[in-house]
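*Asks:* Using the hints, build the complex out of the two chains.
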Amino acid sequence: MKFKTFAVFVGPSVLMMLLFIAFPLVSVFLQSFQVTQPVYETVEVETCTPGFLEQTCVTEMSSVPKLDEHGEIITTTTFVGLQSYRNVLEPDRAWAAIKAFDWRGLQTIDFWKALRFTLTFTFITLPLVIGTGLAIALAINNAARSVKGPVIFVSLLPFIITPVIGALSINWLFRGDGILTAWLERMLDRDIALFAQAWTIEVLMMIYRVWHVAPFAAIVFYAALQTVNHDSLESALIDGATRWQRLKYIVIPHLMPLIVFVSMIHLMDTYRAFEEIVGFSSQGYVISLQWLTYDFLVPDQAGNRSVSRASASAMLTMIGIAIILVPLLKRTWRDHRRSH
Amino acid sequence: MKLKTLALAGAMSLMSSVAFAECAFENTVPLKSLSAGFEAWKAVTDAMAECGNFEASLDQEFREKQPEAFAANPSLYHIGGVANSTIIPLLNAGSIRPLDDLVEKYGANLTPNQLIKIDGKIMAIAMMVNTQHLMYREDILNDLGIAVPTTYAEVLDAAAKIKEAGVVEYPIGGTFKTGWNLGEEFINNFLGEGGEFFTDGNMPNINNEKGVASLEVMKALTEYMDPEYLVSDSTYVQQQFQQGKIAMSNLWASRAAAMDDEAESQVVGKVVMAAAPMGSAAPATSLWWDGLVFATNMTDEEADAAFRVAMEGIDEEMVKANNDAAVWLVPGYAPGRLAVGAAATAAAGARPYPGSGPMGIMHTVLGNGISDYLTGAKDAATTLADIEAAYVTAAKEAGLVK
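From first to last, the protein sequence lines stand for chains A and B.
1 is the number of the first residue of the first sequence in UniProt numbering; add one for each residue after it.
1 is the number of the first residue of the second sequence in UniProt numbering; add one for each residue after it.
So here's chain B without its partners, still in its complex pose (with noise of 0.2 Å):
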């Protein structure tokens, strides 16, 4: 990844010095970004690059990097590349600056919905917006007769009939790796059953009815996915996807371009994007913004400069020449059959993913613990009373509880 990095990044600082072909002005203040090294990042520091002087990191680890490289003074970034939960450490040091004076002079492509306010400022402007919904193999569901799954019983049922036909021998793939990704899981159904993480004064508040019946629907999924579900990543559940091993996913809108990779998918065309199955109170899902942020510690003549060559970035040029990327939220974007599950999931109600410094331990916690309770381990309420504890000495060590 680093090699990657350091080749990217070297190949872009060379392309910034030849090419300002389609960049709106020359951008003459030496300037640099940190973010996510996805798809779309590339695509938008590609773009930002078209401007001349301006180097790109993207980094699958930036989000350790972040807080210290933005805490330093002049900061030692310019732009960076977050998301609802890696713009806290930033907000809380803060080492990103309020946008709105940059945003009335250059943002007039700007939409309201791409302003993320934080108590009425500014803090950050979103591109695109992520979510997991339901992929599903079209051609296996007509097949079988099966209606498009709503719910997870539905889901659970589709899996059933798909097994018993034995067209695949897991119907089933699932983002279960322990740690960040499992973590996400409960998070999701959690949401889903309309729980709160957090009480008064920061305390726990998972272990309940609503705690328990997500982790059953977690467990009763893991009946019909690969048995090594405890190391499959988003990589991993989208091969599983490409090669034909699956047939049904709650997974990442950012993956579904891949499926109609025609170098990688064997499945090209026949994965359909649908909403994320409903729990109780609103899809098992959470809603996640990917965006730009402008650090403190600069020159009031660089922060004009980034924020125009950002704005450059994000443009309606870029978006067009990237349309399935993402699901972008910039102008000029064209939801295509790829963006429907996206849609559909916030229109029926997804909540945003709830990024605070007690969540950040909190999905620490999650991702460490669950295991215990899908091998078998510990019951139910057990795991989650470990994982509140858990929660606790963390967040005392970290001064969130008295």
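Isolated chain A (complex conformation) (with noise of 0.2 Å):
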């Protein structure tokens, strides 16, 4: 291909790749080094508010930004080095707790806690996708080809859900006297509150988050099995292969690529789980990684928001992918020098 057709093809993309994906995590970048605030100036303010039948007024010292003469709030922005890093991860205390061997200690710093969640999360739900995955596809593989799309289409129905409906749906049918409690109450006769300790959140969210992605991963898989040597298979079963010995010789080490390709995937997303905590509203328990950017992010009432600490979270998040994905990236950069 010429450059030219090639540069006409590939630059929008790379434009609004520049635009939407670089620029603003340089910005992001940039934030976290940087905290920028209002000037405030402490003035005697009186306020007078509605009683039921009388005013109530009060004065008192209060903290009101300046305004310049365009009656915008003057702020000023000021370098502060590794200082919103050090208020996400508050390294101090995490290493006080760390040298006592205090693990309770350290789940009450915020990020240590969402660090522990998230890394759970991801490694425990990450084999059972791919089993889960895996089996699906074999499932489909063999069905009847009269019932193979109904088999499909259901099965896929699951990534199809959006994933915070999902993740409500699932909360209302847990929840309370939720239909699936009630019927376990009935059945093993006792009252149980799956929302009433961290524990039994965590195996809910866990459950969703399979039931939510195997889908994918079979679909993938289900494409890749169609192109299994059937040579290889054939003369497995002539030199006696049982069906567990075909699986394990010749068709996993022929998805070995896509399963790597699904774990990579896979990791990516769960790291940056989020869904689980909004829809569950288990931050009384357990929160995400992702959530605490999120809540840094959020305006409280009166409108403050930790725009650097939200940014320092951000990047720490994506160092912290870089880091769970090093492994794989390493096996797949490997299996193609091999291959050259």
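Worth flagging that the hints you see were computed from the coordinates, not collected in a lab.
Fair warning: there could be bad hints in the mix.
[Stated by the list, open to error] Covered stretches of chain A (in silico footprint by chain B; criterion: 3 or more residues with CB under 8 Å from a CB of chain B, positions within the stretch not fixed): (1) 35 to 42; (2) 296 to 307.
[Stated by the list, open to error] List time: in silico DSS-like cross-link candidates among lysine-lysine, alpha-carbon distance up to 30 Å: (3) Lys113(A) - Lys396(B); (4) Lys219(B) - Lys245(B); (5) Lys402(B) - Lys117(B); (6) Lys117(B) - Lys65(B); (7) Lys32(B) - Lys117(B); (8) Lys113(A) - Lys99(A); (9) Lys105(B) - Lys32(B); (10) Lys163(B) - Lys270(B); (11) Lys121(B) - Lys66(A); (12) Lys65(B) - Lys270(B); (13) Lys42(B) - Lys163(B); (14) Lys65(B) - Lys121(B); (15) Lys65(B) - Lys396(B); (16) Lys163(B) - Lys66(A); (17) Lys105(B) - Lys117(B); (18) Lys66(A) - Lys270(B); (19) Lys32(B) - Lys270(B); (20) Lys219(B) - Lys163(B); (21) Lys320(B) - Lys32(B); (22) Lys99(A) - Lys396(B); (23) Lys396(B) - Lys66(A); (24) Lys105(B) - Lys42(B); (25) Lys402(B) - Lys113(A); (26) Lys148(A) - Lys248(A); (27) Lys42(B) - Lys66(A); (28) Lys219(B) - Lys113(A); (29) Lys320(B) - Lys402(B); (30) Lys121(B) - Lys32(B); (31) Lys219(B) - Lys66(A); (32) Lys42(B) - Lys270(B).
All of these numbers come straight from a predicted model, not from anything done at the bench.
We treat Cβ as the ideally placed atom computed from N, Cα and C, and that holds for glycine.
*Replies:* Put into structure tokens, the structure is as follows:
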């Protein structure tokens, strides 16, 4: 292809990527080292608010931002180095807790609490998603031709449902005296409160995530199953290989690059777990790193938001994803080198 | 919610083009409003729409949109609906206008109680008050011969008796959902203990015996609540009441009407409102007001029209048609049995919610931090110390603490 043609085709997408990915990233990166705040002055203010019959007035000192001549709030931006990262990570407290082997102490710091959940969530769901995905793919592959279409459709359904809606519906099935909790209570003849402690919520979240993502893995694996070498399978059959042996020595090695691919996608997605926290309103028990970033960014009722800490937290999430992807990337790179 | 808002806005713009029937004048200036979406706002904006050329956005996420929308020039909305806390960002940015001249021209029907004054200038027109107060099942308390509780100690006593009698499994309901709701519960109790949230220089002041007392009351209450209390918001508690699962709760006055809603409630007429339980200094609750503000960045002609339309929205006619939707401050309101609790709470000296910039941060860190105490992860002193530390970090970043 001529370079010019290539450039014309690629140009728009490069431009879009710069505009919508690179620039925001650079801006977040810069903001994580800066703090922008209004200039406040302390003034005495009398505030009168309604009572039921008469007003109550209070006079107190309050901080009011200064406005410039155009009526805009005057802000100052200062370079604070790694202060925002320190505010998120709280290294002194974390280190003190680690030195004293105080796990609970470490878990009282938001970031480390979120990291603990995010990592367990990511690494427990990973094998489950791969396993379930493979099982669904094999089931579809072995289904009779006449029912294949409906089976594919039904197994894809969870993946099509909007994540927040899916999480909310599972929440409502189990929350309080939801249908499934009521059923479980009747079966086990005891009172069950699934949203009253952290571990049951975590289990529900993991079930939800596997339910939601396994179809994606399944459809990828199913596509790959169509290209398994039939000669090898037949010769294995002649050699007396069992179904399990054929799966282990022929099918899985064939699928390996795609298993790595699905794992990478899953790690990236799950490390950014967010819908589960919101959908299950689990903030009181477990939080994830992505939710922490969001929480910094949401303005409170008085309009304050912690943009710098949110930026720092977002950068830390990116670094985290990069780190957990390293083993898989190394593997892909090795395979790539070998194939040349 | 978004869809509902859109549908509502659509319906309203349709209505505005046909119905001038009950408005005293015909409005010719296109006007828009942005407010919360609960029942009272729906009643008020419906009444405003009768004047024509008016479009209302009712949106539960209004507080995230309002500061930016009102800062635009010209402002994207002419009329805003705010409360104690959500007026702060607008005040700080100077994006709402003083109303003294407009009140003088068109505000003959307003009572002095409705005029929110900041530094002597009228900045907002209040239309209703809201507060959390005690709601209880009269039939249950009468059956067991329990007097109406007036303090949390009595609430706990009553709860123990109700539980022992086996009337309901969880006698108490509470809006203890992590985040805003949980923060508000602490604030209520801390105000009831007579606490002040800040010392000079916006430094936090909750790690003291008043803070500990507040936490202890909350924890004692959770013993009698459904164990899933950390996900229970106002709507959930309202449903618990309606389904007869709880006997008492310190719940929002704006939820009172739902108890008598025959379509939803199995306890019509059985839930009675009383004053919020007393803390050691004041009722353990806070008084809120909801009201109207007007953008700075619009022409005087628009401001004139917006104010006149708003006055039509909160007139006697509207209140008469929607008497039980809220505890109105508007003349013509006839406080019924549903408003008894709010009136008694205010009479007992409930303190207003102390909305301010630092308070916004304090509310957030309280809402995020208290669950650790309730689940037993931290003791009271550590919880409060950690919340203060979180407050200082956030307040420094916001520039409120040096």
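*Asks:* With a cut-off of 30 Å on the C-alpha distance, tell me whether Lys66(A) and Lys270(B) pass.
*Replies:* The hint is violated at about 53 Å.
*Asks:* Take a quick look at whether Lys396(B) and Lys66(A) sit within 30 Å of each other, Cα to Cα.
*Replies:* Satisfied, since the Cα-Cα distance of roughly 17 Å is no more than 30 Å.
*Asks:* Holds or violated: Lys99(A) with Lys396(B), Cα cutoff 30 Å?
*Replies:* 28 Å, holds
*Asks:* If you draw a straight line from the CA of Lys320(B) to the CA of Lys402(B), is it 30 Å or shorter?
*Replies:* 51 Å, violated
*Asks:* Is Lys65(B) within 30 Å of Lys396(B), Cα to Cα?
*Replies:* 24 Å, holds
*Asks:* Is it true that the CA of Lys219(B) sits at most 30 Å from the CA of Lys66(A)?
*Replies:* Since the Cα atoms of Lys219(B) and Lys66(A) sit roughly 42 Å apart, the hinted pair is violated (cutoff 30 Å).
*Asks:* Straight-line Cα separation of Lys113(A) and Lys99(A) no greater than 30 Å?
*Replies:* Satisfied, since the Cα-Cα distance of roughly 17 Å is no more than 30 Å.
*Asks:* Between Lys105(B) and Lys117(B), does the CA-CA distance stay at or below 30 Å?
*Replies:* Status holds; Cα separation ~17 Å.
*Asks:* Lys32(B) and Lys270(B): Cα distance at most 30 Å?
*Replies:* Roughly 41 Å separates the two Cα atoms, so the pair is violated.
*Asks:* Can the restraint linking Lys117(B) and Lys65(B) be considered satisfied, given a maximum Cα separation of 30 Å?
*Replies:* Distance of about 24 Å is within 30 Å: holds.
*Asks:* Tell me if chain B covers the stretch 296 to 307 of chain A under the three-residue, 8 Å CB rule, please?
*Replies:* With 8 residues in contact (Cβ-Cβ under 8 Å with chain B), the coverage given for the stretch 296 to 307 of chain A holds.
*Asks:* Does the structure keep Lys219(B) and Lys245(B) at a Cα separation of 30 Å or less?
*Replies:* Holds - the C-alpha atoms of Lys245(B) and Lys219(B) are around 20 Å apart, at most 30 Å.
Comparing the model with each earlier hint shows violations of hints 12, 13, 16, 18, 19, 27, 29, 31; every other hint is respected.
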